[in-house]
Each structure stands twice: as structure tokens, then as C-alpha cells.
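**Q** Sequence:
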Amino acid sequence: MPTQEAKAHRVGEWASLRNTSPEIAEAIFEVAHYDEKLAEQIWEEGSDEVLALAFAKTDKDSLFWGEQTIERKTSRRFIPTGLT
Numbered sequence: 024m025p026t027q028e029a030k031a032h033r034v035g036e037w038a039s040l041r042n043t044s045p046e047i048a049e050a051i052f053e054v055a056h057y058d059e060k061l062a063e064q065i066w067e068e069g070s071d072e073v074l075a076l077a078f079a080k081t082d083k084d085s086l087f088w089g090e091q092t093i094e095r096k097t098s099r100r101f102i103p104t105g106l107t
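Quick note: the sequence shown uses this note's numbering, first residue 24, plus one each step.
It is worth saying that the hints were derived from the structure and are not from the lab. Heads up, a few of these hints could be off.
Stated by the list, open to error - Below, in silico cross-link-like pairs of lysine-lysine (BS3-like), each with a Cα-Cα straight-line distance of 25 Å or less:
1) K30 with K60
2) K30 with K80
3) K83 with K30
A quick note: this is a predicted structure, and the numbers were derived from the prediction, not measured.
All chains, please: the whole structure from these sequences, using the hints.
**A** Given below as C-alpha cells:
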């Protein structure tokens, strides 16, 4: 079973490869229960639950999900565009 440090490192690498904010990547993996296939599916499809969790982890007003910048005030009903 991976340690918390190993999980954090894996999530950080995953976020970097996808040009995604660490807060969003962490929230994706929490929602996916650290299942990488499910995390990938969530990343491709978008998730309001993930955004709510990600913004709860930070005081930043914007985060990035792939090539999209998501503003805290407009984060409801998020569906990523152009992600394939």
C-alpha cells in the first residue's frame, strides 16, 4: 500500500503531465479513491464535485484543468472542452 508521500508524489506528477492544478489533481484522486483509470475518466469528463473540493483546498481564485482556466466564481457546471 503506497504511503501518503508516495501518493502525493504520484498525484503531483500526474497533474504536471496534464497541465492541471495540483489542487484539482488531488481532488480528482480523492473522488476516484486513488484509482488512476477512474481519475483519468474524471479528468476527461469534468466534475463539479472535483471543482468544489479543489476550491475548498485553496484560497486561489482560479485553477487550471488542462488548457482551461477555471474561475472560482464560475466553477459550477464545468465540462472540459478540447480534452481528448
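**Q** Looking back at the numbered hints, which does the structure fail to meet, lowest number first?
**A** none
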